[in-house]
Amino acid sequence: MNHTGDEAEKTWCISGVDIFRDLNEAEMDAIAAAAPMKTHSAGELVYSPSQPSEVLFILKQGRVRIFRVSADGRALTCAIISPGTIFGEMVLLGQRMYDNFAEALDDVTVCMMSRADVNRFLLSDARISACITEILGRRLTDLEQRLSDSVFKSVPLGVPPACGGASPPPC
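First residue of the sequence shown? That's 392 in this note's numbering, and the numbers climb one at a time after it.
No lab work stands behind these hints, which were simulated from the structure alone.
Note that this is a predicted model, so its numbers are computed, not measured.
Treat the hints with caution; some may be incorrect.
Claimed, not checked - If you anchor each label on the Cβ, the simulated ranges turn out as follows:
#1 ALA421 - ASP463: 39 to 49 Å
#2 ASP463 - ASP420: 44 to 54 Å
#3 ALA462 - SER515: 40 to 50 Å
Cβ coordinates follow ideal geometry from the N, Cα and C atoms, glycine included.
Using the sequences provided together with the hints, build the complete structure.
Shown next as structure tokens:
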């Protein structure tokens, strides 16, 4: 895992992410300063159940696989996260990762925000809160559809519908 400290790169990390689309340059700079950027090599774990923390990840580059491991050691892929997607252990946003792992499928770049910074910058800004609410609503609707599909249709091979699949489109 590499830490990158250049301010221009930090701003790059959150620029182009839909939840920040309505912010001005000063607001982007403030969030960028509070959202350290990290890179992970393909195959590296971004987080695991042994590293519990309330961190919101913003995926800027690459893909991340969210998966669980059963008691007998089998891995179940729950989602493939694409750039511009928020994910992580963030109770405030209704996201609990519990026993999930996040693995970099490619070389990835993520920005990370602590619970305090999510409160300070994201939830206190109505523009961002509305976008996050929209994202979570889409995820809930998608999950309900996948659950319905898994109950009423045969489950295809690959990613189980009720567990996740491709990331929902950004806000």
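Comparing the hints with the structure gives:
One distance hint, 39 to 49 Å for the beta-carbon pair ALA421 and ASP463, holds here, with the actual separation near 47 Å. At roughly 49 Å, the beta-carbon separation of ASP463 and ASP420 lies within the given 44 to 54 Å, and the hint holds. Taking the beta carbon of each, ALA462 and SER515 are about 41 Å apart, inside 40 to 50 Å as hinted.
Checked against the numbered hints above, the structure breaks none of them.
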